[in-house]
Amino acid sequence: MPAPKRAKTSTWATKSGLAQMLKGGVIMDVVNPAEAKIAQEAGAVAVMALERVPFDIRRDGGVARMSDPDMIKGIQAAVSIPVMAKARIGHEIEARILEALDVDYIDESEVLTPADDRYHLNKHGFKVPFLCGCKNLGEALRRINEGAAMMRTKGEAGTGNIVEAVRHIRTVTEEIAALKGQSEKRLRAAAKEMRVPYELVKLTVKAGRLPVVNFVAGGIATPADAALSMWLGADGVFVGSGIFKAENPAKTAAAIVQATTHWKNAAILAEVSAGLGEAMKGIEMRTIPESERLSNRGW
Amino acid sequence: MNASPIAAGSTVAKRRTPPIIGVLAVQGDFAEHLRMLETLGAEGREVRLPADLDGVDGLILPGGESTAMRKLLDRWDLVKPIKALAKRGAPILGTCAGAILLATKIADGDEPVLSLLDVEVRRNAFGRQLESFETSLVMEGLGNDGRSRTIQAVFIRAPEIVKVGPSARAVATLEDGRIVAARQGRILGIAFHPEITGETGVHRWLVTEALAAAL
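Protein sequence lines, in the order shown, are assigned to chains A and B. Using my numbering, the first residue of the first sequence is number 1, and each one after it goes up by one. Using my numbering, the first residue of the second sequence is number 1, and each one after it goes up by one.
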């Protein structure tokens with residue numbers, strides 16, 4: 001039975017609130033119902049339904065688009081945890097289709113090929129909540145200003161290399177810290193430079209963090225990578241190719257869930273990291289030219 | 001909103017140390033619950049392992065994903081010590097996923113987890129995220145005198161209490177009569193999230209009960 005008649009749906013509290021419930025958890029990329037079940041069984045707090053994991057998107061090339069609605073429906077039917085799906089940056093209609101499919105969150109994602117090189121979506125105009133990627137504070141606040149109710153730092157998806165993820169979460173944290181204690185004049189100048197309202201900058205500085213839940217994504221391949229992300233201030237983690245490109249996906253997934261909860265406890269991290277088999281084969285950043293880096297998409 | 005310490009001026013406030021309230025921190029919005037406890041002058045403590053429960057006067061099971069939380073409770077043997085805590089009379093509050101963990105029955109197949117609250121719950125009873133909602137409702141036992149009060153409540157992919165057994169009592173319902181909170185002695189399960197609206201009444205109840213139980 002749906003919400004009661006006089007209740008208000010799709011408010012800021014419900015949109016940002018779902019992300020709050022996902023904190024301390026792991027959201028896993030899955031490409032079919034069987035993988036979604038493995039993710040749920042491992043303790044994932046949500047799954048991201050997509051046609052190919054970023055590693056394969058990178059390998060295959062071509063244009064990456066929204067997934068087949070049948071595939072998304074199949075995953076929704078297979079699990080009881082939230083199901084998210086990706087729309088191309090600026091693709092209003094893909095997002096409307098995903099909203100009609102009743103997904104729990106839409107990721108306006110640079111992992112897919114952007115549809116608009118000037119505008120990200122006006123996410124306030126949707127009932128469904130959105131999450132977006134960022135690699136610095138300005139990008140994060142522009143997306144939040146457009147209506148994103150959750151953020152993730154981008155990292156470099158599909159590489160199994162944590163270095164970009166570390167760079168991006170550090171950048172956001174350092175840029176917020178640098179604004180702390182600054183005069184109103186300086187904050188107004190920063191807001192102008194970042195092209196966001198002063199009030200949003202003020203709110204962020206006062207909170208000492210992004211005003212919405214922020215996960216780390218893009219390159220997490222091991223339990224230790226997940227714990228490192230938490231140590232750097234992540235509210236939770238996205239794991240894409242790192243699970244189903246590993247030798248033992250179910251075991252790796254469960255271990256990453258444990259590591260995200262117990263990130264402060266090195267003894268537990270040692271225990272859950274043991275005997276997982278081979279992690280996904282990573283990609284060294286120097287071998288990926290700037291033009292092929294997914295994190296450079298979006299602005 | 002009254003941010004003063006719990007039950008100031010009453011006899012329970014004479015205990016010198018504030019009560020220690022554990023907050024299950026395996027996953028979910030435990031930070032929001034810890035913040036609520038802080039505004040009430042209680043000491044919050046993150047609980048991830050059984051040893052974290054030593055010496056707590058009460059416990060909160062936060063919102064989150066109940067399937068993930070259940071796995072983490074099982075993996076680290078937290079079920080038994082939480083049940084023992086309840087047996088000693090310590091109050092336990094479960095919000096949303098936390099209420100699912102407390103229930104004696106879960107509709108549609110899942111095994112119960114803690115079985116401390118005599119209710120049957122249905123997960124995601126209102127639908128997916130687009131049916132998440134905000135509303136005001138009347139909840140029993142929240143005022144300073146323990147009377148009913150109207151509060152603002154946020155429901156996120158929320159469960160519903162479909163049946164209240166003889167040992168428990170419904171303490172909040174929606175306008176259409178669906179039950180969204182139930183209490184059994186010092187065990188309280190609610191389908192919504194006072195920790196994200198800043199509604200302090202529910203946490204105040206918990207802290208007061210923790211002080212009473214510790215005396």
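Mixed in with the good hints, there may be bad ones.
[Claimed, not checked] No farther apart than 27 angstroms at their CA atoms in a straight line, the calculated lysine-lysine pairs in the DSSO-like style are these:
no. : chain 1 : residue 1 : chain 2 : residue 2
1   : B       : 163       : B       : 87
2   : A       : 180       : A       : 202
3   : A       : 264       : A       : 251
4   : B       : 163       : B       : 80
5   : B       : 163       : A       : 5
6   : A       : 8         : B       : 163
7   : A       : 251       : B       : 80
8   : A       : 192       : A       : 37
9   : A       : 202       : A       : 37
10  : A       : 37        : B       : 87
11  : B       : 163       : A       : 264
12  : A       : 185       : A       : 202
13  : A       : 206       : A       : 192
14  : A       : 264       : B       : 105
15  : A       : 73        : A       : 8
16  : A       : 180       : A       : 192
17  : A       : 37        : A       : 73
18  : A       : 251       : A       : 73
Source of the hints: derived by calculation from the structure; they are not laboratory data. Here the structure is a predicted model, which is why all the values come from computation and not from measurement.
Violated hints, by number in ascending order, as checked against the structure:
The structure conflicts with hints 8, 9, 10, 11 and 14, although it agrees with all the remaining ones.
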